[in-house]
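Given chain G, put chain F in place with the hints provided.
Residue numbers (our numbering), protein chains in the order written: chain G, 1 to 255; chain F, 1001 to 1322.
Because the hints were derived from the structure by calculation, they are not lab data.
Some hints could be false.
Stated by the list, open to error - No farther apart than 30 Å at their CA atoms in a straight line, the calculated lysine-lysine pairs in the BS3-like style are these:
id	chain 1	residue 1	chain 2	residue 2
1	F	Lys-1174	G	Lys-209
2	G	Lys-157	F	Lys-1204
3	G	Lys-239	G	Lys-209
4	F	Lys-1204	F	Lys-1174
5	G	Lys-157	F	Lys-1126
6	F	Lys-1196	G	Lys-157
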Amino acid sequence: MGPQILLAEHLTKRFGSFVAVDRVDFSLHEGEVVGIVGPNGAGKTTFFNLVTGYHTPDEGRVLFLGQDVTRASPRRRVELGLVRTFQLASTFDALPVVDNLILALFSRLHSGSDVRRLLATPRRRYYDDPRVQDALEQFHLSARRDRVVRHLSLGEKRRLEIAMAVLSNPRVLMLDEPLAGLSELEIHQVMDVLRSQVGRRSLVVVEHKVSHLLGFVQRLMVMHEGRVIAEGSPEECLKDPEVRRSYWRVGAESA
Amino acid sequence: MNGRLRWWAGVLVPFALLAAGRWVLPLPFVVEVLIFSVYTMACNFLLGRVGFISFGQPAYLAAGAYGTAFYLYYFGRDPLVGILVGLASGAVFSALVGLVFVRLRSDYFALVNLALAVIVYHLMQKVLAPITKGDNGLWFLDRMSSTPLLDLARPDGFVWFAWLVAVGVWALYKYLDDTVFGACCLATKTNEDKVKFLGYHDFKVRWTAFVLANTTAALAGSLYGVYFGFVSPEMASAARAADPVVVTILGGTGTLYGPLVGAVAFVGMKDLVSGVVGNWEFFVGLLLVVIMLAGERGIWGTLEPWLRRRLVWRRPAPALQE
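Next up, chain F with everything else stripped away, as it sits in the complex:
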């Protein structure tokens, strides 16, 4: 197998499995996994590649979701344009926030992001209530027009759109890993001083990484908005702030498939386990503890070497490893 073929196999096999899930598993479950995996890929990049741990991802999720919601509630009807508006608002929001946050040390970074999520929640719930309708949220499911090819306004069209977005975002981060920028990010994570003393503008590198990742999180928020046709301040709730971090670790920090595996496991427990027994959070917590004790490599980090042995799976170039 040549390198390019192997590359495509690496993209298509996991996503083909997810696509196949469309016919086997309940549709809401598949959509949720796809969107959550996009959300987690952003967090995985921040944590695994740049060394930023953020407990404020809901803030960026909400930035995208509200961008989309404002457009679809007040201005237009096309969900595709709505998603683009959400993407743009996420990019602008994280670009501005990043100017300040990226300068912080990692522990302060984690907390200041949490504070940001609380602020965004408050803004959307109280301060901007005349526009956001506060806790009632913005409903725009009926306002969305049908789109050609894939009808985003309908769940069975939307699921394929979400699938395409997830493949695209995954490929983007795979691409970043193979660039000098990806190497530079990982270098910043391990040795910030050396990056400076090698002549790199470390602030610009980290800022770019921050904006890329949080725009991705905003994209996930836009997808949620269009899928539910509804956005409320709950989106920015700090109570769910740890979720993407937990799922990143669950899947395997810094691995490319980790976010996918983590999202399946997490949403699986939330949607499927909760149907059988209550307190799904208890099981997620338990699994997290087990995974930390087993060597902190996450589900994928543990499975991958085993799979590699089974499938005689070889990589063309030395991959960036956590």
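Same shape as in the complex, but just chain G:
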């Protein structure tokens, strides 16, 4: 296991009187694959939002590569190598698949704040870029290259979103429920894509159903009502009595 690259300490987020995330500690090492599970409303996505800069925590701090990024913009975190996907497959629906990928590649090659370069670069320049071609092939999107994303299936959109994240070449890739709403076949395809990323970068996957993550993640973090109730290897976590009590479906589904 490599050095620690991401550390969250005592992260707390309140919405009014509701405590969505309650003093959560989390650490991630280079190359590690971690799953975060828990029932709906457990605070998984809010925790994600705190780490990636969508929300600012009320308490606690986030360190990435030793830097305090608690209040850094999402853009800054992306520049450092912390990239996320969204629960509702988040792509640019009005653009063709290839342009979605080009936008991801461009921001990695150049700074996303270099407007002059944005203005001076024709999209066409990247149409045949090997990195874009690779992404299309690896994520089985070659046949959809010129299709406007609005017309893709949910599974295809998920693969596209992950392809975009991978084109950013992050150190840490955080995926928020990448399997939600997919058919068995599509789950298979997305999991294949995720497995291909193991060893290239650290992965954090939020998932509602723990069964999909078994055999894939090295470590599991179980959340319930904003708190971490168990952490460790998937087997240990699922044996944990508190997990079984408060989140019996975890046990039921994995059985």
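Just chain F now, with coordinates in the frame of chain G:
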């Protein structure tokens, strides 16, 4: 046909038609269509590419027009320099305003722009009346000197200048569509969060788009100023605030030819229909309702697929579509 040839055909055919109109249609009509299409291209870019709906375009129109008018009334005589001054004042004005406005959500953006138009109108009519001559406006038609090649001080020279400007502005927005910036604008329109989480400085992108578009609107204002040789606070009137938005939708939001088609239809109704029957606004309103009911694609958005089928018209690269 290769791609480059097709590109030029795409530019020249519609503009050749407009140029031909110079000999068939009344000159004021052609000039008005050209200037209004420039004005609408700006609005079309804001609405169709960046997702900004603005009911305050007259403010930027006036920023350009008054820049030109101040120069030609108080300082110089060269209309070309006047237009450059108008362009610069429009750029500075929208750059400053943009710093605040671009941060707003689209519905507030629409209204705050309307408020801006009201403020500019008031400024020009009352507050700055010693300089702007209030409602009497600034007259400088006789002050303008002749320019070589194309005499901007005369309508038959000016029409070709306006034609060149319209071609240039059209080509600029066509170019923007083909850049990563164009893709980024459309991306911002559809999914702002994702743009941020992909590492883009979304504020800078939208601010640049805003300044480009409103400088274009100011350019249209400068053209109006030089053409009429007269600028009054009417230019910023909020009563005409919806016009560019209406014409954008009429022509087909987010299409490249939409502003041209929309301007022809709109100015056509205003100038030609009003000669036959009164209340041209009634017919524009009626047409707008029909177009919305027909699928919101506008005149060009409806015609284009039909034309494409007729002319076996193929595009080289996947175009940015609304």
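Do the hints match the structure? See the list:
Between the alpha carbons of Lys-1174(F) and Lys-209(G) the distance comes to roughly 48 Å, so the proposed pair goes past 30 Å and is violated. The hinted pair formed by Lys-157(G) and Lys-1204(F) meets the criterion: a straight-line CA distance of about 27 Å does not exceed 30 Å. Restraint check for Lys-239(G) and Lys-209(G): the C-alpha separation of about 16 Å stays at or below 30 Å, so the hint holds. With a C-alpha separation of about 21 Å, the suggested pairing of Lys-1204(F) with Lys-1174(F) holds against the 30 Å cut-off.
At roughly 56 Å between alpha-carbon atoms, Lys-157(G) and Lys-1126(F) are farther apart than 30 Å, so this suggested pair is violated. Simply put, Lys-1196(F) and Lys-157(G) have alpha-carbon atoms about 19 Å apart, close enough for the 30 Å limit, and the pair holds.
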